Amino acid sequence: MINVDVKFFGPLRDIVRSNEISLEVPPPHSGDSTFDALVVIYPELSKWRPSVRLAVNFEYVPFTHNIRAGDEVSLIPPVSGG
Amino acid sequence: MINVDVKFFGPLRDIVRSNEISLEVPPPHSGDSTFDALVVIYPELSKWRPSVRLAVNFEYVPFTHNIRAGDEVSLIPPVSGG
Amino acid sequence: MVSISTSTINVPAIIAAVATPQSGAMDIFIGTVRNNSGARKISRLEYSAYVPMAEKLMTAIELDLRSKWSVHEVIMVHRVGMLEVGDVAVVTAVSSAHRKEAFEACRFAIDQIKSIVPIWKKEFADDGEMWVEGEHLEGIQEMKSGPFSA
Amino acid sequence: MVSISTSTINVPAIIAAVATPQSGAMDIFIGTVRNNSGARKISRLEYSAYVPMAEKLMTAIELDLRSKWSVHEVIMVHRVGMLEVGDVAVVTAVSSAHRKEAFEACRFAIDQIKSIVPIWKKEFADDGEMWVEGEHLEGIQEMKSGPFSA
Numbered sequence: 110m111i112n113v114d115v116k117f118f119g120p121l122r123d124i125v126r127s128n129e130i131s132l133e134v135p136p137p138h139s140g141d142s143t144f145d146a147l148v149v150i151y152p153e154l155s156k157w158r159p160s161v162r163l164a165v166n167f168e169y170v171p172f173t174h175n176i177r178a179g180d181e182v183s184l185i186p187p188v189s190g191g
Numbered sequence: 110m111i112n113v114d115v116k117f118f119g120p121l122r123d124i125v126r127s128n129e130i131s132l133e134v135p136p137p138h139s140g141d142s143t144f145d146a147l148v149v150i151y152p153e154l155s156k157w158r159p160s161v162r163l164a165v166n167f168e169y170v171p172f173t174h175n176i177r178a179g180d181e182v183s184l185i186p187p188v189s190g191g
Numbered sequence: 023m024v025s026i027s028t029s030t031i032n033v034p035a036i037i038a039a040v041a042t043p044q045s046g047a048m049d050i051f052i053g054t055v056r057n058n059s060g061a062r063k064i065s066r067l068e069y070s071a072y073v074p075m076a077e078k079l080m081t082a083i084e085l086d087l088r089s090k091w092s093v094h095e096v097i098m099v100h101r102v103g104m105l106e107v108g109d110v111a112v113v114t115a116v117s118s119a120h121r122k123e124a125f126e127a128c129r130f131a132i133d134q135i136k137s138i139v140p141i142w143k144k145e146f147a148d149d150g151e152m153w154v155e156g157e158h159l160e161g162i163q164e165m166k167s168g169p170f171s172a
Numbered sequence: 023m024v025s026i027s028t029s030t031i032n033v034p035a036i037i038a039a040v041a042t043p044q045s046g047a048m049d050i051f052i053g054t055v056r057n058n059s060g061a062r063k064i065s066r067l068e069y070s071a072y073v074p075m076a077e078k079l080m081t082a083i084e085l086d087l088r089s090k091w092s093v094h095e096v097i098m099v100h101r102v103g104m105l106e107v108g109d110v111a112v113v114t115a116v117s118s119a120h121r122k123e124a125f126e127a128c129r130f131a132i133d134q135i136k137s138i139v140p141i142w143k144k145e146f147a148d149d150g151e152m153w154v155e156g157e158h159l160e161g162i163q164e165m166k167s168g169p170f171s172a
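Protein chains in written order, with my numbering: chain F, 110 to 191; chain V, 110 to 191; chain G, 23 to 172; chain B, 23 to 172.
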């Protein structure tokens with residue numbers, strides 16, 4: 110099992126009611142499996158799947174990206190700066 | 110004969126060495142005949158004919174425009190503001 | 023120079039900082055909090071950011087911009103926190119020899135910020151508060167062929 | 023608001039004047055004196071204008087701009103007199119609800135000023151002084167179909 114901390118922002122933070130959630134998951138571990146594990150705990154997240162982007166170590170990556178222990182993992186809802 | 114005062118700007122002012130020149134000309138009087146009268150006095154002006162614009166009473170007008178006594182007549186060389 | 027700022031953005035200081043003796047043109051875009059969002063009356067906006075990633079992407083936008091246009095100085099600053107109507111939320115400023123580059127690059131900077139930089143805006147209106155849906159579709163498409171995707 | 027100014031242009035005052043509570047976007051173009059003109063080293067520039075006609079045409083440009091874009095405030099100021107490297111020669115500033123209008127209208131304003139407003143620039147360079155040839159051909163073409171011709 111590896112430990113993955115997932116950061117939440119904007120409207121996603123309101124759903125999970127936290128800035129960061131710690132998950133224990135079996136490897137191999139991807140963005141997709143992270144999201145699936147989170148939806149089990151927070152079903153409301155599922156409707157965000159089409160619009161949310163995954164960032165690992167401050168870069169956008171596809172949800173198929175392999176996540177390793179120590180990675181900074183973030184779910185990025187549609188941005189609205191400016 | 111009517112009296113027409115013609116204003117000069119930018120590089121044209123350097124040619125005629127004046128801001129304004131007073132001409133006595135017979136009517137009917139147009140931008141073209143004004144320019145022709147000026148070229149007799151200042152032959153160097155002739156090379157500016159293709160690029161200069163005529164303004165009468167603060168509006169660009171064609172050189173065929175009829176000029177009347179009291180009009181504010183100006184020769185506008187290519188502008189270079191900004 | 024890019025930054026996420028928690029305090030008031032000093033626009034005159036930004037203009038002074040983008041000016042160079044070689045520059046004939048500067049374009050400055052200023053995004054401010056407006057008092058309405060369509061029919062809704064807005065009282066204030068709260069901006070939040072994923073700061074390290076936002077600054078990293080803004081730096082990448084500057085590099086991308088400099089690869090596309092010949093410009094002198096580039097400054098992008100986005101403010102976070104609670105802002106009132108009229109407050110400056112974002113500034114993009116570009117200097118260049120001639121105006122074409124300054125205009126195009128300044129527009130590119132703010133378009134990219136709005137598309138890909140992880141910043142979120144919550145509106146506080148007369149009928150309650152609400153997260154704003156951004157221009158993410160355009161952004162996602164840019165991303166696919168841009169320098170920011172994996 | 024348009025003007026020809028014989029004194030320093032106050033950019034922060036212009037920005038404050040275009041801001042409105044309805045505006046989410048402002049674009050400000052600043053034209054400055056640069057230290058070179060191609061290979062020539064410039065020490066200063068002298069701008070002169072046919073002032074009443076220049077202000078009349080700048081007012082016409084503002085009207086034309088407002089007929090093309092939905093904007094809030096528009097300010098165009100051009101300075102005349104002797105300017106040093108780095109001095110601000112011209113500012114065009116536009117506020118609007120969204121950025122597209124501000125950018126396009128601000129660009130239109132400076133493009134039109136450079137094309138049709140009777141202002142002339144003389145360069146003082148290391149190799150002597152010289153009147154600058156402007157962007158008059160573009161201007162003349164605009165004029166033929168524009169609102170400024172007879």
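Among the clues, some could well be false.
As the list claims (entries may be wrong) - Label-pair restraints from in silico Cβ distances:
id, chain 1, residue 1, chain 2, residue 2, range
1, V, V134, G, A38, 35 to 43 Å
2, F, I150, G, S25, 48 to 56 Å
3, G, R62, F, N175, 21 to 29 Å
4, F, V134, B, A38, 39 to 47 Å
5, B, G108, G, M104, 34 to 42 Å
6, V, A178, G, S59, 21 to 29 Å
7, F, E168, G, H120, 31 to 39 Å
8, G, S29, F, R177, 49 to 57 Å
9, B, A39, G, A147, 34 to 42 Å
10, G, M104, B, N32, 47 to 55 Å
11, V, K156, B, P43, 53 to 61 Å
12, B, S92, F, A178, 51 to 59 Å
13, B, G103, G, G150, 51 to 59 Å
14, B, A35, G, D148, 47 to 55 Å
In case anyone wonders, no lab produced these hints; they're calculated from the structure.
Remember, predicted model here, so these are calculated numbers, not experimental data.
Here a beta-carbon is modelled for each residue, glycine too, at the ideal position from N, C-alpha and C.
Outcome of the hint check:
1. V:V134 / G:A38: 35 to 43 Å: 54 Å, violated
2. F:I150 / G:S25: 48 to 56 Å: 35 Å, violated
3. G:R62 / F:N175: 21 to 29 Å: Between R62 (chain G) and N175 (chain F), where Cβ atoms are some 43 Å apart, the hint is violated.
4. F:V134 / B:A38: 39 to 47 Å: The hint (39 to 47 Å, Cβ to Cβ) is violated, given that V134 (chain F) and A38 (chain B) are roughly 54 Å apart.
5. B:G108 / G:M104: 34 to 42 Å: 37 Å, holds
6. V:A178 / G:S59: 21 to 29 Å: Hint violated: Cβ distance 60 Å, outside 21 to 29 Å.
7. F:E168 / G:H120: 31 to 39 Å: 34 Å, holds
8. G:S29 / F:R177: 49 to 57 Å: 37 Å, violated
9. B:A39 / G:A147: 34 to 42 Å: 27 Å, violated
10. G:M104 / B:N32: 47 to 55 Å: 30 Å, violated
11. V:K156 / B:P43: 53 to 61 Å: Roughly 54 Å apart at Cβ, these two residues keep to the hinted range, so it holds.
12. B:S92 / F:A178: 51 to 59 Å: 54 Å, holds
13. B:G103 / G:G150: 51 to 59 Å: Because 55 Å falls inside the window, the suggested range holds.
14. B:A35 / G:D148: 47 to 55 Å: 32 Å, violated
Taken one by one, the earlier hints fail for this structure at numbers 1, 2, 3, 4, 6, 8, 9, 10, 14, listed in ascending order.
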